[in-house]
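Q: Let the hints inform the model, and build the full structure from the sequences given.
Quick note, the sequences are listed as chains X and E, same order. Taking this note's numbering, the leading residue of the first sequence gets 22, the next gets one more, and so forth. Taking this note's numbering, the leading residue of the second sequence gets 22, the next gets one more, and so forth.
Possibly wrong hints are sitting among the right ones.
Quick list of simulated restraints, FRET-style, between CB atoms [claimed, not checked]:
1. X:I181 with E:D84: 34 to 44 Å
2. E:G191 with X:E30: 45 to 55 Å
3. E:S100 with X:G179: 49 to 59 Å
4. E:A92 with X:D121: 26 to 36 Å
Covered by chain E, according to a simulated footprint, are these stretches of chain X (three or more residues, beta-carbon under 8 Å) [claimed, not checked]:
5. 23-32
6. 38-45
7. 155-165
Note that these hints are calculated values from the structure, not bench results. Backbone N, C-alpha and C define an ideal beta-carbon position, used for all residues, glycine too.
Each chain, letter by letter, is given below.
Number of protein chains: 2
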Amino acid sequence: MFQLVWSDEDGVPAGDRGLAYGDGLFETLLVTGDRPYLLSYHLDRISRDAGRLAIPVARSELDRVCSQAVARYSSLYDSGNWVLKLTLTRGSGGRGYRPDPRAQPNLIISHSAAPAMTGPGGVVVDFSRITLTVNPLFAGIKSLNRLEQVMAARELRGEIFEVLMSNRDGHVLEGTRTNVFVRSGDVWITPPSATLAVAGVMRRHVLDRLHSAGHQVREAALQLEDLVGDRCQGVWLTNSVLGVVPVRNLAGHDLPVDQRLATIVGSPAILD
Amino acid sequence: MFQLVWSDEDGVPAGDRGLAYGDGLFETLLVTGDRPYLLSYHLDRISRDAGRLAIPVARSELDRVCSQAVARYSSLYDSGNWVLKLTLTRGSGGRGYRPDPRAQPNLIISHSAAPAMTGPGGVVVDFSRITLTVNPLFAGIKSLNRLEQVMAARELRGEIFEVLMSNRDGHVLEGTRTNVFVRSGDVWITPPSATLAVAGVMRRHVLDRLHSAGHQVREAALQLEDLVGDRCQGVWLTNSVLGVVPVRNLAGHDLPVDQRLATIVGSPAILD
Chain X
22 MFQLVWSDED GVPAGDRGLA YGDGLFETLL VTGDRPYLLS YHLDRISRDA
72 GRLAIPVARS ELDRVCSQAV ARYSSLYDSG NWVLKLTLTR GSGGRGYRPD
122 PRAQPNLIIS HSAAPAMTGP GGVVVDFSRI TLTVNPLFAG IKSLNRLEQV
172 MAARELRGEI FEVLMSNRDG HVLEGTRTNV FVRSGDVWIT PPSATLAVAG
222 VMRRHVLDRL HSAGHQVREA ALQLEDLVGD RCQGVWLTNS VLGVVPVRNL
272 AGHDLPVDQR LATIVGSPAI LD
Chain E
22 MFQLVWSDED GVPAGDRGLA YGDGLFETLL VTGDRPYLLS YHLDRISRDA
72 GRLAIPVARS ELDRVCSQAV ARYSSLYDSG NWVLKLTLTR GSGGRGYRPD
122 PRAQPNLIIS HSAAPAMTGP GGVVVDFSRI TLTVNPLFAG IKSLNRLEQV
172 MAARELRGEI FEVLMSNRDG HVLEGTRTNV FVRSGDVWIT PPSATLAVAG
222 VMRRHVLDRL HSAGHQVREA ALQLEDLVGD RCQGVWLTNS VLGVVPVRNL
272 AGHDLPVDQR LATIVGSPAI LD
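A: Right, here's the structure in full:
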């Protein structure tokens with residue numbers, strides 16, 4: 022079992038390994054009133070990735086705490102949208118980097134207003150100057166080691182909604198807080214999760230929807246040409262709080278914008 | 022100026038970006054009684070690397086806080102060794118990953134007993150199964166993004182004092198908490214800081230000592246052969262708290278052990 026920290030009541034112990042080493046994970050859930058969106062996707066991911074980091078956590082406890090948190094905070098937002106954040110750390114203790122296998126994890130709960138949603142007209146995106154380095158051991162894990170995303174997010178200026186990061190092989194991987202889908206000919210393409218820094222919950226949900234609607238989907242490395250070449254019929258960003266966001270301009274290239282991916286995926290209200 | 026958090030008095034705000042994203046840096050200083058060891062090396066490094074992360078901090082303020090901290094805690098340890106830890110984070114605020122340029126950094130101060138020192142007979146070391154991936158943007162920075170070191174430190178078992186990590190090109194880079202020096206023929210070799218995850222303060226100090234004593238030093242990629250081949254006359258680990266530690270056995274290979282590097286570098290007492 023973990024130690025629960027309600028961030029509106031308590032600080033985090035200074036010896037917490039989440040702070041010391043980024044030794045933990047987090048999830049940010051969109052909640053409408055008292056209805057969390059994609060809850061099971063989020064809890065599946067954090068449970069699975071806690072296992073990969075050998076942080077013990079019971080899925081049933083996470084479920085219980087989410088219910089508690091929603092009951093506690095939903096009245097602050099009437100029936101509007103808000104964001105529930107779960108931060109799971111390995112807790113305190115150990116000898117330096119070396120964890121104490123008996124350490125009790127901390128689960129820190131916080132909430133915030135939902136960000137402004139984007140309109141259907143699409144967003145402006147650029148390429149980041151920062152190369153993303155992904156250790157296969159942590160690929161896809163929404164860990165607390167996010168300095169690359171922080172430094173890339175400093176490039177967001179003016180109307181630039183997101184920057185896309187590539188690995189050292191030149192493959193386009195993801196945005197700072199979004200995954201990427203491209204429509205190329207008859208096929209949807211998104212990079213494989215084993216190559217990603219963060220494999221988003223919305224990415225997983227979009228893939229499930231595309232598969233169940235019978236679409237052709239390829240999880241494959243994205244080349245620059247896939248995004249700005251002639252075959253590209255559109256680029257979308259996905260994020261569990263922001264939803265499915267079409268890109269209207271990528272690094273100066275105008276792209277076709279339509280709502281087909283949003284329609285396939287459906288809105289939070291429909292899905293919940 | 023930063024907000025000071027004395028960890029024996031206060032917790033860390035749950036919104037701190039050090040916890041959220043590993044958005045910060047740390048230093049651990051060996052202190053004997055009220056005398057911090059390699060203080061200027063530590064404060065030079067954290068000031069320089071804070072600049073690389075665009076976290077504003079005044080070197081003079083860090084100096085002042087270190088004096089305060091030593092005055093506050095030294096009596097707890099009589100004239101013995103202890104460890105002073107500084108954790109500098111970007112503070113709270115911003116929009117997700119994107120920092121608020123007006124955020125006030127937090128400086129968190131904590132202390133602990135010094136670890137047991139190793140004897141002159143040398144330590145047993147193995148190779149880690151975990152590949153180290155270093156983003157050149159953060160090379161050498163002792164940031165709070167340390168999941169690779171945490172997971173590698175889980176491999177430390179029994180008499181294994183340290184594990185050495187290599188990059189995906191097969192170059193041996195460093196231990197979980199130590200840098201590596203090899204004596205090969207007449208030359209000292211250590212990997213270049215631009216390739217390292219953490220470029221230690223003791224590494225810098227050892228390099229300075231070797232140079233000023235007129236030794237031949239090469240900052241170059243370390244191949245496996247450099248460590249276990251015929252030309253290897255010894256391998257040493259360096260860490261600002263543990264000092265200079267000879268390796269007597271590396272992954273089953275016995276290595277010659279002598280005190281020459283420790284002699285060149287001197288003991289903390291001599292150096293201070």
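Q: Does each hint hold? Answer for all of them.
A: We went through each hint and held it up to the structure:
no., hint, verdict
1, X:I181 with E:D84: 34 to 44 Å, "39 Å, holds"
2, E:G191 with X:E30: 45 to 55 Å, "50 Å, holds"
3, E:S100 with X:G179: 49 to 59 Å, "58 Å, holds"
4, E:A92 with X:D121: 26 to 36 Å, "31 Å, holds"
5, 23-32, "holds (count 4)"
6, 38-45, "holds (count 7)"
7, 155-165, "holds (count 7)"
Checked against the numbered hints above, the structure breaks none of them.
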